[in-house]
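Q: Residue numbers (UniProt numbering), protein chains in the order written: chain A, 1 to 608; chain B, 1 to 230.
Hints listed in this document are in silico derivations from the structure and should not be mistaken for laboratory results. This structure is a prediction, so every number in the text was calculated from the model and none was measured. A virtual CB, placed ideally from N, CA and C, is assigned to each residue, including glycine. Among the hints, a few may not be true.
Facing chain B, according to a computed beta carbon distance under 8 Å, are these residues of chain A, among others [to be verified]: (1) Ala162; (2) Glu369; (3) Glu371; (4) Asp474; (5) His501; (6) Leu542; (7) Leu557.
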Amino acid sequence: MRHLLRTPAGLAGTTLVALMVILAIAGPPIWGAEAERIDPAVILQGASAAHPLGTDNLGRDILARVLVAGRLSLFLALLATLIGAIGGTVLGALPAVLPRRPARLVTGTVNALVAFPGLLLAMFTAVIAGLGARGAVLGIGVAIAPGFARLTQTLAASVAGADYVSAARMLGVPRRRIMTRHVLPNIAEPLILNLTQALGGALLGLAGMSFLGLGVQPPSFDWGRLLFDGFGRIYSTPAVALGPAVAVALAGIGFNLLGDVLARAASRTAVPAGKAAPQAASMPGELDAPDPEAVLEVRDLTVTFPGGVTPVRGLSLTVAPGEIVGLVGESGSGKSLTASAIGGLVPYPGEVSAARLRLCGTDLGELPEQERRKLLGTSLAMVFQDPMASLNPALRVGGQLAEVATVHQGASRAEARTRAVDRLGHVRIPEPERRARQHPHELSGGMRQRAVIAMGLMGTPRLIIADEPTTALDVTVQRQILRLLREVTGESGAATLFISHDIAVVGELCHRVVVMYAGRVVEELPVEKLASGAAHPYTRALVASLPDMDTDRSLPLASIPGHQPSPAELGPGCAFAARCELATGRCAERPPLIPYGKAHQVACWEAS
Amino acid sequence: MIIKNLTVRFGAFTAVDDVTLEIPAGAIVGLVGESGSGKSTLARAVTGLVPYTGEITGGDPRRIQMVFQDPYASLDPRMTVGASVAEGLRVPRAARQAEVERLLSLVSLPASMAGRYPRELSGGQRQRVAVARALGARPELLVADEITSALDVSVQGSVLNLVRSLREELGLSMLFISHNLAVVRYVSDVVAVMHRGRLVEMGATEEVVGSPRDGYTRSLLEAVPRLKRA
Ligand SMILES: Nc1ncnc2c1ncn2[C@@H]1O[C@H](COP(=O)(O)OP(=O)(O)O)[C@@H](O)[C@H]1O
Ligand code: SF4
Ligand SMILES: [Mg+2]
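The whole structure should be built from the sequences, with the hints applied where relevant.
A: Okay, here's the thing in structure tokens:
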């Protein structure tokens with residue numbers, strides 16, 4: 001509710017609608033007598049101090065009449081909207097319930113009606129139903145209905161494709177019941193939002209009908225009728241027509257604005273992304289001397305979101321040239337945020353801090369914004385699960401690659417273009433010349449991922465971060481991409497941070513494995529130890545629960561009970577304690593990550 | 001149950017091409033293949049969700065149930081777990097609650113889960129609810145389409161154990177679809193391999209995995225990532 005008032009449009013809409021509602025309730029009791037008081041002495045007057053909007057042909061005060069007419073105008077609009085909405089929703093839902101032929105007929109009728117001008121439809125209905133308020137309300141209702149029917153159809157079609165509807169169909173749930181139990185409840189929200197806007201439309205429509213003399217008849221009066229009465233005098237005494245016109249306009253605008261804001265709030269997308277830059281954390285403990293060899297060196301990296309949510313907690317990591325380090329953990333453990341933090345891509349309002357964040361020997365936290373961007377742009381290549389996150393669907397593949405070279409390396413267009421084709425060939429895309437001229441959608445998923453890697457190779461990356469780059473690919477294609485990553489790392493001497501939830505893939509590709517759980521590193525070990533030398537209960541359980549081609553099929557698989565705590569649920573102790581077979585009282589305190597044999601570290605009290 | 005000469009066309013495109021497949025009673029048949037090979041389309045045809053040509057014999061086609069890949073999309077967000085599970089039940093109203101509890105316990109969920117909404121459940125729990133719902137219709141065949149693909153590795157194991165226990169305890173026949181050969185190998189008695197809409201190989205699991213005859217099956221097997229054993 002609060003965000004309703006945050007934007008100017010929301011504030012205006014809410015205020016206007018609130019005023020209209022108050023007017024409808026309080027108007028007639030306060031100004032009712034005044035509006036009906038006939039005064040032969042002041043017939044057909046213009047604006048004056050006593051009658052700010054003038055008087056009508058019986059000497060009645062027009063301002064009072066405008067204020068009183070609010071109730072009838074709004075009531076009729078509400079009635080028309082309800083008729084239209086209910087009629088339209090039923091009409092829109094019918095095809096899903098009816099047998100095929102009648103269903104087609106209904107759909108066809110709705111399509112024809114949607115194409116028909118609304119006001120004509122309204123007038124046509126009103127003339128048939130008879131002059132007066134009833135006819136006008138029916139007319140506007142009929143004019144609104146096709147829009148609702150179309151909306152219902154579209155929304156219902158999207159819900160009808162949902163898996164839970166398929167499941168209900170398979171269970172033999174009758175179609176009418178599917179409609180009332182599954183479809184309607186799940187589309188109610190957008191329909192109700194649409195109602196608000198339709199109300200604004202109905203208000204204007206009804207005023208239009210009354211203005212044409214098709215609507216409310218004397219002695220009743222709504223805003224449209226007042227407008228109709230005053231219109232003949234618009235040149236001599238404009239105030240008498242302006243009053244009701246302004247009232248109609250304000251009410252119409254109010255409902256439309258409110259509907260708009262409500263709809264936007266309901267489909268609210270994520271907060272616009274601004275990028276959080278790493279802050280040098282003022283860490284107490286002593287920091288070891290920086291490793292001059294390392295391409296990437298991270299110490300105590302923390303990513304925090306407002307509300308005390310800390311998805312990455314004091315993570316440390318080092319990657320050497322030519323080395324592939326695997327970062328594994330289940331979804332939500334903080335792997336991708338770690339990658340984003342290194343690349344300076346953590347979305348607003350996330351905050352990144354680190355005691356050290358060095359790339360190629362330079363501390364990113366100490367660089368001015370522009371130089372940091374430049375360093376990241378030239379020495380870091382990122383590959384994501386969805387290659388389309390890195391490719392612009394509207395541009396040709398070759399052009400996008402070439403752009404990297406013209407922007408970051410100041411290459412000429414021809415040079416850049418030649419290099420782009422060369423790089424595409426290098427990642428073994430067949431016919432690189434032809435592929436360079438194609439758009440991303442003309443490439444298969446595996447081919448696109450190669451193109452993204454080629455894009456990273458336009459410069460001379462020192463660090464490659466690949467975040468689940470093969471998760472969406474088939475095993476055969478995955479195998480090729482893994483081989484490519486291995487070759488690229490080997491020949492360029494770049495360091496690669498390979499992120500995956502799949503411990504088997506990591507085990508096959510990487511030299512060293514870092515296991516994350518609930519935002520922290522719980523174990524770091526050489527890949528040779530992964531299968532049978534892991535020390536942390538979580539790593540061991542992960543390995544044991546993964547079926548591979550040698551798993552004994554006669555035994556049940558190991559599984560880990562419960563689930564990983566979300567960043568907001570984390571307590572002070574070992575985050576794995578609730579799922580851990582070895583947990584003791586001591587685990588209420590968090591175990592530090594400490595050395596455990598050669599090149600091996602583990603954070604567990606029971607691991608020694 | 002026997003699927004005979006089943007073909008599915010979308011316009012001029014043949015998604016499933018003349019597939020014949022036997023699912024012996026009480027057996028789990030694993031179906032592997034790359035994405036787009038027609039696995040899901042075959043599943044949807046078998047369960048009557050897309051039109052097909054060919055026939056399904058040796059069983060009541062109305063008693064085939066399916067569990068879907070995405071546990072976040074397969075439960076109505078506005079219905080409680082209990083209401084979802086009760087949806088396919090053909091028991092008198094009075095017996096309903098007891099039956100829901102029985103089904104939940106079959107998939108190792110506490111009875112108290114019935115009052116909760118899907119948003120309060122983890123992916124693995126939702127998938128169990130979807131299995132319980134399907135079991136409520138007392139199916140002759142359960143089609144499981146990539147039911148562990150959207151789950152975390154740490155809970156995949158327990159869902160695979162559930163699949164095996166259902167066969168052992170209820171004698172349920174199952175068509176178990178996955179792109180993950182290691183997972184299919186672990187749960188299945190028979191493995192069938194699909195490629196571009198066609199069935200290219202089928203046989204007892206150990207045979208297909210141990211001595212594949214088809215070239216495509218071999219390339220699939222070679223591509224399976226393996227943890228390096230020390
Ligand atoms: N409704 C549809 N219309 C057209 N093509 C479809 C439709 N549904 C699936 N397909 C196509 O059928 C092929 C097989 O898809 P699918 O059964 O989903 O394979 P899998 O389950 O192995 O991923 C794919 O090429 C897919 O694009
Ligand atoms: S510290 Fe305790 S709870 Fe945590 S993994 Fe080790 S034994 Fe388990
Ligand atoms: Mg599929």
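Q: Now look at each hint and say whether the structure bears it out.
A: Going through the hints against the structure:
At its closest, the beta carbon of Ala162 (chain A) sits 6 Å from a beta carbon of chain B; the interface hint therefore holds under the 8 Å criterion. Because the smallest distance between the Cβ of Glu369 (chain A) and any Cβ of chain B comes to about 37 Å, over 8 Å, the interface hint for this residue is violated. Using the Cβ-Cβ criterion of 8 Å, the hint placing Glu371 (chain A) at the interface with chain B is not satisfied: the shortest such distance is roughly 39 Å. Residue-level restraint check for Asp474 (chain A) holds (minimum Cβ-Cβ distance to chain B is 4 Å; threshold 8 Å).
Because the smallest distance between the Cβ of His501 (chain A) and any Cβ of chain B comes to about 6 Å, under 8 Å, the interface hint for this residue holds. Look at Leu542 (chain A): its Cβ gets to within about 6 Å of chain B, closer than 8 Å, so that hint holds up. Of the supplied interface hints, the one on Leu557 (chain A) holds, with its beta-carbon coming within about 4 Å of a beta-carbon of chain B, less than 8 Å.
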